[in-house]
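A.B. asks: Numbering (mature numbering (1 follows the signal peptide of the UniProt record, and there is no 0)), first residue to last: -19 to -1, 1 to 359.
No lab work stands behind these hints: they were computed from the structure.
In this text, a Cβ means the ideal position worked out from N, Cα and C, and glycines have one as well.
It is possible that some hints are incorrect.
[To be verified] Computed Cβ-Cβ distance ranges for the label pairs, DEER-style:
#1 Ser104 <-> Glu312: 42 to 50 Å
#2 Pro236 <-> Gly294: 20 to 28 Å
#3 Ser254 <-> Glu10: 39 to 47 Å
#4 Ser133 <-> Thr357: 48 to 56 Å
#5 Asp345 <-> Pro146: 32 to 40 Å
#6 Ser133 <-> Ile321: 31 to 39 Å
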Amino acid sequence: MIRSALALCFLLLAAPMCAQTLPGQSADEVATDAGNVEVLDVTGGLVHPWGMAFLPDGRLLVTERAGRLRIVDTEGNVSPEVPGGPKAYVQGQGGYLDVALDPDFAANQHVWLSYSRPGPGSSSATALGRATMQGDSLTNWEVMFTQTPWFSNGLHFGGRIGFSPEGHVFLTLGERFQFDPAQDLTNHMGAVVRLNRDGSVPEDNPFVGREDALPEIYSYGHRNVQSIAFDPASGDIWEAEYGPLGGDELNLLTPGTNYGWPVVSWGDNYDGSQIPDPDGEAQFTDAVKQWTPVISPSGMIFYTGDVFPEWTGSLVISSLSRQGLVRLNLENGAVANEEIIPLGARIRDVEQGPDGHLYVLTDDRDGHVWRLSPLTAE
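Required output: the full structure, derived from the provided sequences and hints.
C.D. replies: In structure tokens form, the structure reads like this:
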């Protein structure tokens, strides 16, 4: 199953991120519904990498939960820490989280980061900011949003960034393991927020003008959301979130909707006590799909490339606990079929590269970037 990366790089010399053939770089063969796929080790040595974004020149921005941003060049070399970013609260699940390029990056060079922001005393909050990329540095760092209130624990930060087709920025937020505040619209716990890219609140946000709600909130009643993706065909917004003991969810997001946590869930509490199921609870919107056992969804995309034509239009989710990818075909707002693609490591994030291949991050103290490619016959 182990084969040299040399043949693949020879065939893909024109493709971005084609790694050098160095000691330890090799590819595993994985069977999928699209045929056998080769998993190439692009680079390693990243400390719990969390999010990634491709630059126009083919290089890759990667966040490390340790509170650093790195650049992986097209030969697989990892840069020193990119200067100019914010200081992060690096405890538990906190640190640097997601990274994304502004939709108008070619004109403004803006890079967006989500992270756990240090607060008073030992507290922290999920925050979103942006900076201007100049060369290999960040400049003019600006905080655009901070979750309220602050909490003194290192749990459930959420933190995925998404841009809608009309250009709004979305940020997913966990409930910081506080449970009931996810039902309280006067805080941001367990919510998805929607902002203009200057940090202001869109006038058509669902709770604008209500004294009992924060205007940034787009949806609420979530537990810990680390995945968001926009369907390029329909414009629908999808998110995936962690359940407690069972009950991970895939949800179709609509404005102002309450998804039920912690009042209802398809999972149970960690002590084994039951939580009421969502069906039959009209005030809550049920998940489109739930997973028990869990998949631990930590990132997702709609695949739009043609390298894997059988997967075009699929929703691809990175899975920590299943140690691979979960691929879904959606039809009319429902899951038509599901494929589990085992990769043998906790997969923190997945992105489509400019070459149409899939790239994943492994969640480890020695985290790696892997590229998935159709297996080429020798």
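A.B. asks: Sort out which numbered hints this structure fails and list those numbers smallest first.
C.D. replies: none
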